[in-house]
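As they're listed, the protein sequences go chains A and B.
Heads up, the first sequence is in our numbering, so the first residue is 1 and it goes up one at a time.
Heads up, the second sequence is in our numbering, so the first residue is 1 and it goes up one at a time.
Treat the hints with caution; some may be incorrect.
Which bits of chain A does chain B cover? Going by a derived footprint, with three or more residues having C-beta under 8 Å, they are [as the list claims (entries may be wrong)]:
#, region
1, 71-80
2, 88-94
3, 98-106
Here are some chain A residues the structure puts well away from chain B; computed CB gaps all over 12 Å [to be verified]:
#, residue
4, V14
5, R113
6, R114
7, T177
8, A228
9, L245
Computed cross-link-like contacts, DMTMM-like style, restricted to lysine to aspartate or glutamate with a CA-CA straight-line distance of at most 20 Å [what the hints assert, rightly or not]:
#, chain 1, residue 1, chain 2, residue 2
10, A, K159, B, D230
11, A, K105, B, D230
12, B, K279, B, D128
13, B, K245, A, D104
14, A, K135, B, D321
15, B, K245, A, D134
16, A, K71, A, E157
In short, the hints are calculated from the structure, not lab data.
The C-beta atom is built at its ideal place from N, Cα and C for all residues, glycine as well.
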Amino acid sequence: MNRPYLQIDNVGMVFDTAKGSFTALVDVNLKVARGEVISIIGHSGCGKSTLLNIVAGLTRNTSGVLLLDGKEIDSPGPDRAVVFQNHSLLPWLSVYGNVKLAVDKVLSARMDRRQRHDWTVHNLELVGMGHALDKRPHEISGGMKQRVGIARALAMEPKVLLMDEPFGALDALTRATLQDTLMDIQAKLGNTVIIITHDVDEAVLLSDRIVMMTNGPSARIGEICEVALPRPRRRLELTENPEYLRARGAVMRFLYERQRHPKAA
Amino acid sequence: MTDILADAPGREADFAAALKDLSFTGILAASAFAAAAAFSLIWDDVGDWGRTREFALILAGVAAGLFLASVLAPWHAGLAAKVTHRAPWALALGLFFAAWEITTAKFNILPQPFFPPPQAIFEVFTDDFAKLGASILASVKLHATGYAIGAVAGFLLGVSIGWSRAVGYWAHPILRFVGPLPATAWLPIAFFVFPTSHSASVFLIALATAFPTTVLTWSGIAAVPSAYYDIARTLGANSRFLVLKVAIPAALPHVFVGLFMGLGSSFAVLVVAELLGVKAGLGWYLQWAQGWASYANMYAALLVMTVLCSTLMTILFRLRDRVLSWQKGIVKW
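In isolation and in its complexed conformation, chain A is listed as follows (with noise of 0.2 Å):
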């Protein structure tokens, strides 16, 4: 890896609060590849979001640097796509209009208007949403809102996907079809993508590599474990796995062992 896509460098974060200042990040170092996969994975309050945020230019980091194939981080912009756990899509708009919003600030310089109709059709087709362009987001479940968040951040063709604990908020079914919907496309589209999740398993079926949080305030980067596991991969296959055995096993003793979360019941 010469030349990294996305360095983070030496990026530490303080907030100003009422009752002082309070350090949330602290030294965090990371190169990721071009097309490479990687989890954020960490207790909560340990800083993954904020992370996140900082490589969205949502929140500004206070110190060190971030560049992205080249170009400093200093602002958001539509080369970092972000799926929101809460999915955010706006309710007085259709599952088409909140993509085609995105695809029309986005593109308009690219595209005609033509062409950004059917690349707006064509990304929600490609998370199997094309049955319900016009249908408003009260009216579709949790899993498909997040479908057509998914559609919405890859219509924009990001350079970086940035998926903050996107299946969260799902049960567990609608989430393993999720998460092989999103194996598929990034399969095919070669997308790079950062993934927050507190989920073991989802961060081992999904990564290149697991980057393990230690426990906030001053979180840092505590350990990267390397998942050698080819692609695809599927989920049935993988669980006899001694790779995919051995991943698992290192995150959760550095989960529970290293960091075992102080307050955790």
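Got chain A; can you put chain B on it based on the hints?
Below, chain B alone, put in the same frame as chain A:
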């Protein structure tokens, strides 16, 4: 004919079922209207009202319509649902008209001229339509101008306060201090500050509309979930995009509440302004009728006002239902 005979047992059963489904309340309502019509025609009026016959014919027409609808209902599902739903109200109205007719025009139980019979009010619509129509037009024009100005101004001000810290800093104290004062309190000042009583009234109606619209728009903008802005910012949105595509659509449910409240208070100001200063419009007509002790004209004007206010409310609700069709569980009007 043979077809019918072949079908006879089935038809009979149908007929029996239909008889069971017949709306008796509907027929009762028709009878009440028929009775009201009969009272009007049979007994002589105690006063001198010129349109008793015509009014009785209308009552009779309503009675006939109700009767037909009630009898035909069993053969038409849509009609049956309507008749069943509306028959109790129709019955109540029929009884009301009959009682009204008896207690006023026929036996003078309610003192005249303070409680005119229905045909007297009907007479106002047929015989004083020119003046009443002109008053309606004047009121509608005055109200529409003031309400439109107030709604637009309130909306723009609300968005500015909600969006810009600087505007909020200066506008908020003024709004808090002046806003709660009823717009009618400005009436004496407005009538000498403004060149015409018309422009003064437009100002007052606009003021009454603008205050609730401003406050609700502002609170709507303030309540927009920050996640919506985050999404837009990751698209690379500038503040123009954030205001037009995120903040305003998200705030619209609040804006409509403000528009409803503004509509209510603008009606009050309209009537007061017309009673006190403007020389046209329904308020003025009301005042004029009272001056001449033409109580029927007063009731007629009141009736028109009721219909107008209620219609405007309905229009605003319809508009909201269209614009906010994405919202769950909104109140039906």
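Exercise. Out of the numbered hints, which ones does the structure contradict?
Worked result: none
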